[in-house]
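*Asks:* Quick mapping for you: the protein sequence lines, in order, are chains Y, X and P.
Note that numbering that gives the first Met the number 0 has the first sequence beginning at 0, numbered continuously upward.
Note that numbering that gives the first Met the number 0 has the second sequence beginning at 0, numbered continuously upward.
Note that numbering that gives the first Met the number 0 has the third sequence beginning at 0, numbered continuously upward.
For the record, the hints were derived by calculation from the structure and aren't laboratory data.
Only a predicted model underlies this, so the values are computations on that prediction, with no experimental measurement involved.
Among the hints, a few may not be true.
[Stated by the list, open to error] What follows is a list of derived Cβ distance ranges for each label pair:
# : chain 1 : residue 1 : chain 2 : residue 2 : range
1 : Y       : N337      : P       : V323      : 15 to 23 angstroms
2 : P       : D114      : X       : G101      : 36 to 44 angstroms
3 : P       : N59       : X       : R304      : 53 to 61 angstroms
4 : X       : L70       : P       : V323      : 36 to 44 angstroms
5 : X       : D196      : P       : K72       : 48 to 56 angstroms
6 : X       : K199      : Y       : R102      : 41 to 49 angstroms
7 : Y       : D196      : P       : T76       : 22 to 30 angstroms
[To be verified] Result set (EDC-like, lysine to aspartate or glutamate): computed pairs, CA atoms no more than 16 angstroms apart in a straight line:
#  : chain 1 : residue 1 : chain 2 : residue 2
8  : P       : K103      : X       : D211
9  : P       : K199      : Y       : D168
10 : X       : K103      : Y       : D168
11 : X       : K343      : Y       : E339
12 : P       : K103      : X       : D25
13 : Y       : K199      : X       : D168
14 : Y       : K343      : P       : E339
15 : Y       : K159      : P       : D168
16 : X       : K333      : Y       : D317
17 : X       : K200      : P       : D174
18 : X       : K333      : P       : D303
19 : X       : K199      : P       : D303
20 : P       : K343      : Y       : E98
21 : X       : K343      : P       : E339
22 : P       : K200      : Y       : E339
23 : Y       : K333      : X       : E339
24 : Y       : K333      : P       : D317
25 : P       : K248      : Y       : E36
26 : P       : K343      : X       : E339
27 : P       : K121      : P       : E132
No residue lacks a Cβ here, since even glycine has one placed at the ideal position from N, Cα and C.
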Amino acid sequence: MLSLQNMEFTASQIASFIDGKIIGDDNALITGVSPIESGETGHLSFIAQERFSHYLDTSNCSVLIVSENILTKNNYTQTIISVKDAYLSFQVLMNLYQEMQGRKEGVEDGASIHDTAVVGDKAYVGAFTYVSEKAKIGEGSQIYPQVYIGKGVKIGKNCKIDSGARIYDYCIIGDNCIIHSNTVIGGDGFGFQPTADGFKKIPQLGNVIIEDDVEIGSNCSIDRATIGSTIIGKGTKIDNLIQIAHNVKIGQNNVIASQTGIAGSTIIGDWNQIGGQVGIVGHIKIGNQVKIQAQSGVTSNVNDRETLYGSPAISYNDYLRSYVHFRNLPELVKRINNLENNSKDHTNE
Amino acid sequence: MLSLQNMEFTASQIASFIDGKIIGDDNALITGVSPIESGETGHLSFIAQERFSHYLDTSNCSVLIVSENILTKNNYTQTIISVKDAYLSFQVLMNLYQEMQGRKEGVEDGASIHDTAVVGDKAYVGAFTYVSEKAKIGEGSQIYPQVYIGKGVKIGKNCKIDSGARIYDYCIIGDNCIIHSNTVIGGDGFGFQPTADGFKKIPQLGNVIIEDDVEIGSNCSIDRATIGSTIIGKGTKIDNLIQIAHNVKIGQNNVIASQTGIAGSTIIGDWNQIGGQVGIVGHIKIGNQVKIQAQSGVTSNVNDRETLYGSPAISYNDYLRSYVHFRNLPELVKRINNLENNSKDHTNE
Amino acid sequence: MLSLQNMEFTASQIASFIDGKIIGDDNALITGVSPIESGETGHLSFIAQERFSHYLDTSNCSVLIVSENILTKNNYTQTIISVKDAYLSFQVLMNLYQEMQGRKEGVEDGASIHDTAVVGDKAYVGAFTYVSEKAKIGEGSQIYPQVYIGKGVKIGKNCKIDSGARIYDYCIIGDNCIIHSNTVIGGDGFGFQPTADGFKKIPQLGNVIIEDDVEIGSNCSIDRATIGSTIIGKGTKIDNLIQIAHNVKIGQNNVIASQTGIAGSTIIGDWNQIGGQVGIVGHIKIGNQVKIQAQSGVTSNVNDRETLYGSPAISYNDYLRSYVHFRNLPELVKRINNLENNSKDHTNE
């Protein structure tokens with residue numbers, strides 16, 4: 000299994016990053032990272048929980064970061080880096096590693112940048128990326144190749160916009176945002192007036208505002224408002240293949256799983272957890288700290304801290320209770336048949 | 000809230016476009032448009048219904064287009080443009096505004112156009128767009144940057160093909176069509192023959208035909224036919240993230256909401272309304288003026304004017320009626336238990 | 000109906016490819032292919048089943064490939080090519096035709112290929128495609144225009160990567176794979192740690208491994224593993240708009256229909272058939288030869304050869320049996336009401 004390629008560290012270098020104590024070979028060389036259940040020679044992994052302690056002495060990994068309370072011996076097959084909390088230390092390490100990967104700077108040959116566009120200090124713009132008039136790219140932001148940036152778009156500092164993302168005219172993206180490949184920000188909302196001859200397009204002249212610290216996965220569609228703005232609030236995280244319709248307002252620190260769709264003008268509060276393949280109708284309000292189970296269909300307002308399931312969605316517990324009986328309906332029908340037969344017997348008595 | 004940036008009109012200019020009467024300052028300057036519930040200084044909005052009349056005198060907007068029957072005074076805080084139907088006038092204005100945005104013309108530096116391709120008069124082809132041999136782009140059509148156009152593709156007049164759309168070999172697009180970013184027209188249909196060694200690809204050698212006045216949202220996948228054509232009929236409007244499989248035929252003036260999928264060879268009539276996240280199986284026929292509720296799963300033929308819900312989908316009213324009892328199943332089961340206990344009592348008498 | 004444009008063959012050429020006998024005009028000219036139910040003059044079609052035999056003498060096609068057991072006369076309106084199995088012969092012909100379409104070779108003007116990248120013999124790299132450092136493209140592979148290939152990516156032999164596909168750093172693709180337009184391989188998995196201040200990104204440092212003979216449709220999102228690899232096994236076929244989350248492992252020869260989503264770390268065996276719009280939760284195991292009905296929500300482990308339906312998914316037959324009663328719930332409730340009324344009558348006796 001290949002991962003974290005091209006790294007090369009010694010156990011003692013790793014230990015110094017996370018303030019760990021080495022048991023074994025200071026110079027053990029690490030060239031990659033494996034999950035503990037499929038460790039490879041030359042790789043690093045970690046053990047943070049007692050229930051994985053059987054991998055001590057048995058994993059093929061050369062170096063293991065281990066929580067100190069799990070360690071019972073002075074000597075293991077692998078080189079051990081003993082730390083207080085192995086999970087935390089491993090995260091610190093991975094973050095460090097990612098930062099070391101380096102950022103690019105400057106405008107690559109073959110990018111097309113309008114004369115009136117502004118590219119900030121230490122920003123990167125990749126080849127075949129198109130930046131339209133009066134667009135503004137903030138300091139340190141990384142715009143990968145083949146991105147489309149429309150007129151008057153503003154992108155904040157330290158963003159990462161992946162290859163093939165499209166950001167249409169006048170949309171605004173805050174600082175520290177990540178937008179993955181092939182996501183479309185600011186496509187027209189789906190609005191038509193029916194006439195006898197067919198549907199007449201209603202102009203979609205608003206924009207999309209994405210606040211700071213938002214991450215949006217790949218292949219998402221976030222439509223511009225008819226007038227005003229579609230808004231994704233600070234710190235909200237959106238998975239892949241998600242539909243956000245025109246004039247939707249999403250608050251802060253929401254987590255929305257893959258393939259979910261939110262219809263027009265719906266308003267969503269803060270700290271909600273929305274599962275995958277959920278559908279939410281238009282023009283409703285969802286409060287805060289709500290949990291919506293995967294595949295649910297939400298058709299009316301939702302109060303704070305509710306947990307929902309089903310289509311149309313009802314309380315999670317009620318849905319599961321009813322579903323138990325749903326599965327048992329053939330049996331219930333037999334019981335009703337019996338009761339009716341008995342009742343007839345009585346009547347015939 | 001930012002919207003309709005960079006416009007700059009006076010109240011009297013606006014009034015002249017829509018034949019309105021001004022109450023207030025002819026020279027009031029408009030630099031943007033807001034929804035009435037979040038108006039901003041210097042912005043234009045409209046009031047078409049009595050229930051929004053409390054925004055008269057209270058909205059921060061500088062100019063309001065108002066239906067004349069709502070007006071009761073000779074003087075308001077804002078400059079008023081009085082018209083017969085404010086909603087209609089506002090739409091007229093937005094359409095005008097969009098048209099004034101201007102179209103581009105000519106082939107941008109960095110586009111790759113095959114010698115045998117034909118680009119019509121007043122058409123625009125953006126940078127990094129690839130036009131293959133014998134492709135034909137009609138008069139006035141706007142092909143944005145980074146689009147892929149395959150061999151022998153024909154695109155009609157006055158179309159707009161957004162950045163990142165892919166139109167594969169021999170597909171045909173009519174006049175006045177809009178295809179949004181990252182939509183794929185003419186990818187291979189999903190057809191394989193099972194063999195003992197695995198699945199063998201069945202060549203997908205047909206195409207996709209998109210008739211006039213069709214709009215297709217972003218990130219859609221519309222597959223080419225195995226042989227013959229996948230067809231999207233005149234005036235049909237398709238939202239984002241939608242799957243149309245090989246050999247599907249869709250009629251005229253349908254509206255299909257986001258994330259719906261239609262499986263292979265299904266035939267759909269005219270004027271149907273299909274909700275979001277609907278699944279329709281392959282090889283069935285759906286009539287005309289059918290309504291399919293969001294998240295439904297349609298598994299058999301549908302007659303004209305039916306309304307459906309559920310998975311598998313049944314009549315909308317029947318589904319809702321049954322769902323009320325579904326929610327109440329725990330209570331029903333208690334009642335059955337009681338009846339059985341009573342019945343035993345009788346038996347034991 | 001337009002299809003298979005620009006071909007031009009005589010009946011005798013076609014017959015020689017598939018070892019058929021001609022009844023009629025050896026020199027009948029074919030310029031396209033039609034489905035039998037919408038045949039056109041000058042086109043070829045086929046009849047492999049008795050139930051389509053009424054198209055003999057009535058189809059507008061000029062040449063028909065027909066299974067010999069269906070033929071009863073020595074003379075038909077159309078030129079007939081008689082073969083043992085018309086369906087098989089037609090497939091052979093379509094495969095031949097597709098191969099004749101030709102492959103491109105070489106690097107097109109305007110592609111951006113890093114000095115350290117390696118492009119194999121007879122491979123094609125289209126304009127505006129970006130190939131990053133140390134990437135490797137195998138012999139004969141066709142990389143269409145506007146593709147993004149990240150650092151250290153390895154693509155095997157004879158692959159086809161369609162326009163707009165994105166393959167992120169260190170992902171590995173085997174031989175004979177097809178990846179359709181705008182699919183994203185190796186985007187970050189959706190992993191965050193909740194903190195009081197918001198969600199903190201967990202670095203996603205693994206990759207995606209796609210084994211030989213895999214086909215992946217358009218607009219799919221296949222996320223890289225957190226550490227280790229997300230794996231798509233040999234011969235598996237994936238339709239459009241599908242989500243595969245981080246650390247999922249899919250075995251060999253699976254068929255997964257459009258708009259299905261598989262959540263993180265789930266493990267799927269071999270030869271499974273997964274319908275469209277299915278949701279599969281994370282961290283479960285699905286065996287082999289399982290069939291999952293469209294729109295199902297799978298929430299727990301699945302044994303070999305099970306067939307599932309519903310959300311949450313249960314046995315297909317059980318779901319349908321219960322659903323019959325679900326549709327009938329209003330009637331069942333009436334029967335319970337009656338029983339209760341009768342029971343009261345008895346009690347009141």
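*Asks:* Next step is simple, just say for each hint if it's right about the structure.
*Replies:* The hints, checked one at a time:
At about 19 angstroms, the beta-carbon gap between N337/Y and V323/P stays in the expected band of 15 to 23 angstroms. Checked against the hint of 36 to 44 angstroms, the pair D114/P and G101/X passes, with Cβ atoms roughly 42 angstroms apart. Between N59/P and R304/X the beta carbon distance is about 34 angstroms. The supplied range of 53 to 61 angstroms is therefore violated. About 59 angstroms separates the C-beta atoms of L70/X and V323/P, a value inconsistent with the hinted range of 36 to 44 angstroms.
Roughly 39 angstroms separates the CB atoms of D196/X and K72/P, a value that falls outside the hinted 48 to 56 angstroms. About 45 angstroms separates the C-beta atoms of K199/X and R102/Y, a value consistent with the hinted range of 41 to 49 angstroms. Restraint check, D196/Y to T76/P: a C-beta distance of roughly 42 angstroms breaks the suggested window 22 to 30 angstroms. Restraint check for K103/P and D211/X: the C-alpha separation of about 33 angstroms exceeds 16 angstroms, so the hint is violated.
Using a Cα cut-off of 16 angstroms, the hinted pair K199/P and D168/Y is violated, with the two alpha carbons roughly 30 angstroms apart. For the hint linking K103/X to D168/Y, the alpha-carbon distance of about 15 angstroms falls within 16 angstroms, and the restraint holds. Among the hinted pairs, K343/X with E339/Y is consistent with the structure: their alpha-carbon atoms are about 13 angstroms apart, no more than 16 angstroms. Restraint check for K103/P and D25/X: the C-alpha separation of about 64 angstroms exceeds 16 angstroms, so the hint is violated.
The suggested pairing of K199/Y with D168/X is violated, with an alpha-carbon distance near 30 angstroms, which exceeds 16 angstroms. Proposed proximity of K343/Y and E339/P is supported: the alpha carbons are some 13 angstroms apart, at most 16 angstroms. A C-alpha spacing of about 15 angstroms is found between K159/Y and D168/P, which places the hinted pair at or below 16 angstroms, so the restraint holds. Our distance criterion of 16 angstroms between C-alpha atoms is met by K333/X and D317/Y, whose separation comes to about 15 angstroms.
The hinted pair formed by K200/X and D174/P meets the criterion: a straight-line CA distance of about 15 angstroms does not exceed 16 angstroms. For the given pair, K333/X sits about 37 angstroms from D303/P by alpha-carbon distance, which is inconsistent with the 16 angstroms threshold. With a CA separation close to 23 angstroms, the supplied pair K199/X and D303/P exceeds the 16 angstroms bound. For the hint linking K343/P to E98/Y, the alpha-carbon distance of about 76 angstroms lies beyond 16 angstroms, and the restraint is violated.
A hinted pair counts as satisfied when its Cα atoms are at most 16 angstroms apart, and K343/X with E339/P qualifies at roughly 14 angstroms. Restraint check for K200/P and E339/Y: not satisfied, since their Cα atoms lie roughly 61 angstroms apart, outside the 16 angstroms limit. Taken as a hint, the K333/Y and E339/X pair is honoured in the structure, with Cα atoms around 12 angstroms apart against an allowance of 16 angstroms. For the hint pairing K333/Y with D317/P, the CA-to-CA distance comes to about 15 angstroms; that is within 16 angstroms, so the pair holds.
A C-alpha spacing of about 14 angstroms is found between K248/P and E36/Y, which places the hinted pair at or below 16 angstroms, so the restraint holds. With a C-alpha separation of about 13 angstroms, the suggested pair K343/P and E339/X falls inside the 16 angstroms cut-off, and the hint holds. This hinted pair does not check out: K121/P and E132/P have alpha carbons roughly 20 angstroms apart, beyond 16 angstroms.
When each numbered hint is compared with the structure, violations occur for hints 3, 4, 5, 7, 8, 9, 12, 13, 18, 19, 20, 22 and 27.
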